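Enquirer: Position chains H and Y relative to chain Z; hints supplied.
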Amino acid sequence: MPNPQLNAHGELTHLLTTEGLPRETIEHILDTAASFLEVSDRSVKKVPLLRGKSVFNLFFENSTRTRTTFEIAAKRLSADVINLDVARSSTAKGETLLDTVDNLVAMHADMFVVRHNASGAPYLIAEHLRRTGRSEVHVVNAGDGRHAHPTQGLLDMYTIRHYKRDFSQLRVAIVGDILHSRVARSDIHALKALGVPEIRAIGPQTLLPVAIEKMGVRIFHDLREGVRDCDVIIMLRLQNERMNGALLPSAREYFKCYGLTTEVLALAKPDAIVMHPGPMNRGVEIASDVADGAQSVILPQVTFGIAVRMAVMSILAGN
Amino acid sequence: MPNPQLNAHGELTHLLTTEGLPRETIEHILDTAASFLEVSDRSVKKVPLLRGKSVFNLFFENSTRTRTTFEIAAKRLSADVINLDVARSSTAKGETLLDTVDNLVAMHADMFVVRHNASGAPYLIAEHLRRTGRSEVHVVNAGDGRHAHPTQGLLDMYTIRHYKRDFSQLRVAIVGDILHSRVARSDIHALKALGVPEIRAIGPQTLLPVAIEKMGVRIFHDLREGVRDCDVIIMLRLQNERMNGALLPSAREYFKCYGLTTEVLALAKPDAIVMHPGPMNRGVEIASDVADGAQSVILPQVTFGIAVRMAVMSILAGN
Amino acid sequence: MPNPQLNAHGELTHLLTTEGLPRETIEHILDTAASFLEVSDRSVKKVPLLRGKSVFNLFFENSTRTRTTFEIAAKRLSADVINLDVARSSTAKGETLLDTVDNLVAMHADMFVVRHNASGAPYLIAEHLRRTGRSEVHVVNAGDGRHAHPTQGLLDMYTIRHYKRDFSQLRVAIVGDILHSRVARSDIHALKALGVPEIRAIGPQTLLPVAIEKMGVRIFHDLREGVRDCDVIIMLRLQNERMNGALLPSAREYFKCYGLTTEVLALAKPDAIVMHPGPMNRGVEIASDVADGAQSVILPQVTFGIAVRMAVMSILAGN
Chain Z
74 MPNPQLNAHG ELTHLLTTEG LPRETIEHIL DTAASFLEVS DRSVKKVPLL
124 RGKSVFNLFF ENSTRTRTTF EIAAKRLSAD VINLDVARSS TAKGETLLDT
174 VDNLVAMHAD MFVVRHNASG APYLIAEHLR RTGRSEVHVV NAGDGRHAHP
224 TQGLLDMYTI RHYKRDFSQL RVAIVGDILH SRVARSDIHA LKALGVPEIR
274 AIGPQTLLPV AIEKMGVRIF HDLREGVRDC DVIIMLRLQN ERMNGALLPS
324 AREYFKCYGL TTEVLALAKP DAIVMHPGPM NRGVEIASDV ADGAQSVILP
374 QVTFGIAVRM AVMSILAGN
Chain H
74 MPNPQLNAHG ELTHLLTTEG LPRETIEHIL DTAASFLEVS DRSVKKVPLL
124 RGKSVFNLFF ENSTRTRTTF EIAAKRLSAD VINLDVARSS TAKGETLLDT
174 VDNLVAMHAD MFVVRHNASG APYLIAEHLR RTGRSEVHVV NAGDGRHAHP
224 TQGLLDMYTI RHYKRDFSQL RVAIVGDILH SRVARSDIHA LKALGVPEIR
274 AIGPQTLLPV AIEKMGVRIF HDLREGVRDC DVIIMLRLQN ERMNGALLPS
324 AREYFKCYGL TTEVLALAKP DAIVMHPGPM NRGVEIASDV ADGAQSVILP
374 QVTFGIAVRM AVMSILAGN
Chain Y
74 MPNPQLNAHG ELTHLLTTEG LPRETIEHIL DTAASFLEVS DRSVKKVPLL
124 RGKSVFNLFF ENSTRTRTTF EIAAKRLSAD VINLDVARSS TAKGETLLDT
174 VDNLVAMHAD MFVVRHNASG APYLIAEHLR RTGRSEVHVV NAGDGRHAHP
224 TQGLLDMYTI RHYKRDFSQL RVAIVGDILH SRVARSDIHA LKALGVPEIR
274 AIGPQTLLPV AIEKMGVRIF HDLREGVRDC DVIIMLRLQN ERMNGALLPS
324 AREYFKCYGL TTEVLALAKP DAIVMHPGPM NRGVEIASDV ADGAQSVILP
374 QVTFGIAVRM AVMSILAGN
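Chains Z, H and Y supply the protein sequences, listed in that same order. If you read the first sequence in our numbering, its first letter stands for residue 74, the second for the next number, and so on. If you read the second sequence in our numbering, its first letter stands for residue 74, the second for the next number, and so on. If you read the third sequence in our numbering, its first letter stands for residue 74, the second for the next number, and so on.
If we strip away everything but chain Z, and leave its shape as in the complex, we get (with noise of 0.2 angstroms):
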C-alpha cells in the first residue's frame, strides 16, 4: 500500500501521521521551519506564501490552544482562516464528515487542520479527497484519538535538533500516560526516523500501551532510573481524566513516582532539555522550578511550533 501522505513524486499532500514519514521529509520540513521562524520575529510577521487559500480549521473535538496555533501559522501566511465550530455545526444536524468535508471542498478549501477524538478521521478524509480526485485539497492531522498528532512531533524534533543539533548519540526520555497519549506516539515515530539510537518510555504499567517494546523502545516503571544520562526529558500531560479514575491511585502519588523534580532531573545529563507539549500540570507532572529552570525549552517549543505549522502549510500548499 502506497503512502497515502505522499503524491506520486514522493511529496507530501497530507500530514497525518510521522509514521513511515522519510527522513528526508522530515528534515525538509524542519529545515523549511528555520526560515520560517524569522518571519515570526519581524514587525510585520506575514509572508504572501497563503495569500487568497482558505483554511478550514475542522475541529471536532475542542482545543483552543492547538487551533490558535494553526490560525496564527495561517495567518502569518496571509491565509483566509475559516474557524469551523463542528460541534454546533452540520454534523451536529446528523450530517455525515464526509458530507461535510464534500461541502467545504465544493466552497474550494484548500486545507483542512483536523482535530478528532477518533483515531483515523483525517485519514478517512484523505482518503476520500483521493477517491474522489481532489488532489489539490490537502489534509493536516491536528490530533486524532490516541494516534497521532504529528506536528507535534515534528516541532519537538525541531526543538531537539535546535539544541542538541545531533540526533545520531541521543538518549531520549519520554516519561508518563503514554498509553492515551497521540504525542508519544509521533514523537517516537519520528526519533526513530531520524535516527535517535535509545529512546525510554518511563510510566507506571497502567499508562504504558501493551507492546509498546515493538516500538523499539525501552520500558522503564522506575522515573530515577529511566532518566539517567538521558540528554533529552519529554514529559507528557497527564489529562485530568486519568487522576481519579481507576489507573492511579491519586496526583499527589503520581507526583512522589513520576513528577519531574530537580532532584530527579540531576539524575539526566548535565545539559538534559526538558520538554513538554503543554498544557502543564504544575506540581502533577513536573514541579514548577523545573518548568521554569534554565533546562527547560517548553516555551522554545510553543515558538518553534509555529514556525513547524508554517513549514507544513506551505510544503503542502506547494505540492
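It should be emphasised that the hints constitute simulated quantities derived from the structure, not laboratory data. Among these hints, one or two may not hold up.
You can't tell identical chains apart in this list, so a pair holds if it fits in one copy or across any two.
[What the hints assert, rightly or not] 20 angstroms max Cα-Cα, derived EDC-like pairs, lysine to aspartate or glutamate:
{"no.": "1", "residue 1": "K119", "residue 2": "E209"}
{"no.": "2", "residue 1": "K118", "residue 2": "E209"}
{"no.": "3", "residue 1": "K237", "residue 2": "E271"}
{"no.": "4", "residue 1": "K237", "residue 2": "E97"}
If you're wondering where the values come from, they're calculated on a predicted model, not measured in any experiment.
Expert: Coordinates of chains H and Y only, in the frame set by chain Z:
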C-alpha cells in the same frame, strides 16, 4: 408600498426575499455570480471589491454552514468579517434587536448578514435603517423563520440556469416539508419571476401550506406521480424535529413515501437534475445513491452558492 | 512605585486604568483618536499601522459587545486578530493564567486585550511581562472585575470633550449602580485628571461604594437634586442580577427613583448631554424617549469608542 429592497433608482439596496424581485435584478445577480465563479477557482481567490468594508454576521439562530458560506464570500471580496455570536451577546442581556443594530451601525458597519428564527427580522432592520437615514448600510437575509432564504433561492436559480439554460419550458418539482421551508418559498417566487411554467409541490397533506395553490403551484401527494416528466427535482431537508412529532409517523415511513430513490427518479425526465439545500438526511428524504449519482447537482449548488453570495454582496456594496 | 502603565521614558506601554494616567497622556490619546475618527468614515476603512501584528482578545468573561469593538479597531489597523474563547480553553484544563500568557507570548503575540472578572488580572499579566523582560508586548484592560474599564473611561472623555470642549467648568453626574461599576471608577479618575471641578455620584445607599467621597465626588441619593444644573449625565447600566436581589426592591421601583425621564432631564442644563455605556435597559435606568432624544449622545459614544481603541492600540504598538 415601494419594494423595501430597492432604492429610488430601482437598484437593490437590501436582499430580503425573492418575492417581488424583478426578473432583471435576478438575472443581474446571476450574471454577476458567473463572473465570480472564476475567482474561487483561482490560485489567489481574492478580489478587492469590499476591501476595508465591515460585514457583520448577525446570526440569532445558529447555522455554521450558512454563516461559513457568507464568511468565505465576504473574505474572498476582501471584506473584514465579524461574526457575532448573538445568542451569547447583548441581546441576551436584554438589549433590543434595534439597539444592537444601532450600535453596530455606530461602529460603521457596512453590511449585515442576518439569520433569525422570527420571520421578518431582516425587514425590521432594513426598515429601521431606512427610517434613520442609513442608506449606506445593507441587509442580506440569510434565512428568517419560515419566510425566506433568498440567497438559497438565487443559488438554486443559478444551478438550474447552469444545467437547463432556458427557464421557459421547465417542469420543476419541490418535494418534502414545504410547510416549514423558507427555501421552498424563495424558490417558488424566483421560479415564477424567471418564467417557469410548471411548479409542483409534492408532500403529505400535513407538510404543505394550506393555501399553497395560490402561489401558482400544482399540488401532489404522491411522489411518483409528482416527479413524472420533471426537469428539476428539489428535495427539501426533513427537519429532525418533525420526524417523531404529530406530523409524521416516522423517518422510515417518510422515506418509503417521499424519499427520492433511483427507481422514483427514473420517472422524471432522463436528464432531470436533483437538488438539495443541505445538510442532507441520507435515507430519510434522499437515497444515498441518488445523492451521489450522476443526476445530482447538490455539490455544484454549494460552489455556485459562494459565487451568488459574492455577487449579492458586491452589488449591494456598489449601490 | 513607578506607574505600571508607563515605561522608563514616561510613555504608555500598557493601558490598565485611568487612575494615575497623566493629563497629557489622556489628551494624547484623545487627539490621536480624533485623527482615527476619519478612517472609520472612509470607503476603505483601513490603515496599515498594525499590519502583521498579532492581537489576542483574551476574554475570561464573556462580552460580545466589547470584544467586537476591539476586534473592529484592530482589524481597521490591519492587525491579525485572534479571539480566544478562554472559558473553553486550556485554563479550563487547569493551566494557570500566566502559563497561558507565556504560551501566547511564545507565539509572538504583540498585544493582549484582556477582560477578566477578577480585579487586577490585567496588572498581573503586565507585571509578569515586565518581570520576564517582554517589554514589546502590550496589555489593554478591557474591564477587570469592579475595578477599571479604561477604554470606556477614555471614550467617555472623548465624548465630553467633543460636545463640551472645555472640562474646567463642568458639572458631571454619574447615576446608578456605582458600587459594581468599573465604568464609573474609570470615568471619575479621568474626569479628575482633566480638571472637572464637580463630579456627582447619584444612587441609592446600597449601590454607592462606602468611601466614595474620598474620590472627590459629591453624593446624592435623590436623582432630581443630583442632576440639577449638570452639563453631563452618565447613566450606568443596572445589571439584571441586581434587580431582584437584596440590594433593590424591583426594576419598576428603581425606574421610579433613578430612571432618567425627560421630566428629570429638564432639571439639568438645557444643553446637557446624556451618556450610557450600553447595553441599555430601556425603562429601567433610562426612559426610551431620553435614550433616543436630542440630548442623547449614546450612539456617538460607540463611534468614538472605535477611534479611541484604535488610538490606544496604535500608541501602545508605537512605544
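Enquirer: Enumerate the violated hints, using their earlier numbering and listing them in ascending order.
Expert: none
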